[in-house]
Structure formats: C-alpha cells, structure tokens
Amino acid sequence: MASTYESIEIGDSHEWTRVITAEDVQKFADITGDDNPVHVDPDYAAEHSRFGRPIVHGVLLLGLISKVLGRDFPGHGSIAVGISCRFLRPVPVGSEVRVQIKVSEKIEENKHVKVRTYIYRDSEMVVGGEGRVIPPTEEEDDPHRARRS
Numbered sequence: 013m014a015s016t017y018e019s020i021e022i023g024d025s026h027e028w029t030r031v032i033t034a035e036d037v038q039k040f041a042d043i044t045g046d047d048n049p050v051h052v053d054p055d056y057a058a059e060h061s062r063f064g065r066p067i068v069h070g071v072l073l074l075g076l077i078s079k080v081l082g083r084d085f086p087g088h089g090s091i092a093v094g095i096s097c098r099f100l101r102p103v104p105v106g107s108e109v110r111v112q113i114k115v116s117e118k119i120e121e122n123k124h125v126k127v128r129t130y131i132y133r134d135s136e137m138v139v140g141g142e143g144r145v146i147p148p149t150e151e152e153d154d155p156h157r158a159r160r161s
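Numbers in the working numbering are just positions in the sequence shown, counted from 1, shifted up by 12.
Keep in mind that a hint or two might mislead.
To be verified - Calculated lysine-lysine pairs in the DSBU-like style (CA-CA distance at most 35 Å, straight line):
#, residue 1, residue 2
1, 114, 39
2, 79, 118
3, 39, 126
4, 79, 123
Claimed, not checked - DEER-style ranges, computed between Cβ atoms:
#, residue 1, residue 2, range
5, 29, 121, 30 to 40 Å
6, 108, 39, 13 to 23 Å
7, 30, 120, 27 to 37 Å
I should point out that these hints are in silico values taken from the structure, not numbers from a laboratory. The structure displayed is predicted, hence computed values, not measured ones. For glycine and all other residues, C-beta sits at the position ideal for the given N, C-alpha and C.
Input sequences plus hints: build the corresponding full structure.
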C-alpha cells in the first residue's frame, strides 16, 4: 500500500534486503554499457583490482534505493526528485545488502518528503545519502501485483 504525504510521519522508515548476484551486475553492465572488468570479470578483478574480486557498480546500488522509494515506501506512484549519496565502501558481487529509507523532513509547501538513505552490507554502511520524493496523492495497492499470478 502506498503512503501519501498526509499519512507519512517524520521517523517513518522501511528496509529491504537483497543479494546482488553476478547475473544482476552483468545485466546492469549490458543495459548501461559499463562493462568495466572490475565489475564483471573475476580474473581481471583478482589480478588488477585493489579489491581482489568483482564489485557492484555504485549506480546499481542507487537503483535499489529507487526501487524502495517507488515500490515499497512511499510506494507506487511516488516520484523521486533527487538523490545524493556517497559510496563509502565497495560491495563485492554476491553480497547481501540492506537498503534503509528513513523520513527526515516533510515540506508542507510542495508536499515533498526528505529521506535519509542508507545501504548496509553486514552491519557496515556502504552507501549513505539523502533524497527527496513526492509521495502519491492517494493510497492504493500496486496495480502490477494483481497481474503477477
């Protein structure tokens, strides 16, 4: 169920966890054209990368934040109007990450909501930032869910 501006409160939060697979990273590389071998080639990453293994694209991680904002909280109908972040640590391919969104401010004049955005691997923050989102104008169930049976 999507959350409207009126139903959202400062401090509200949502978390989502996902394992980022080599297939996910390869699909991202195929779509964007960013096939840097540090992300997609285990042999190259082991020999030439300071990380010793493939790491997830930082922008792929941002896409997970977008997923939470647009599908989970505030949810269907939300529009992200800005996200800024810092990539704090590399995320090895195959890692489980936890995305956390927390409401930090409501802006009455334009009905925008400011959120803090975090991504964790284990208990370590790997991405930190903030965003601004326009929540949906009415609460509704995701119309796409009904089609997936």
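Legend entry - Those earlier numbered hints the structure runs against, lowest number first: Of the numbered hints, all hold.
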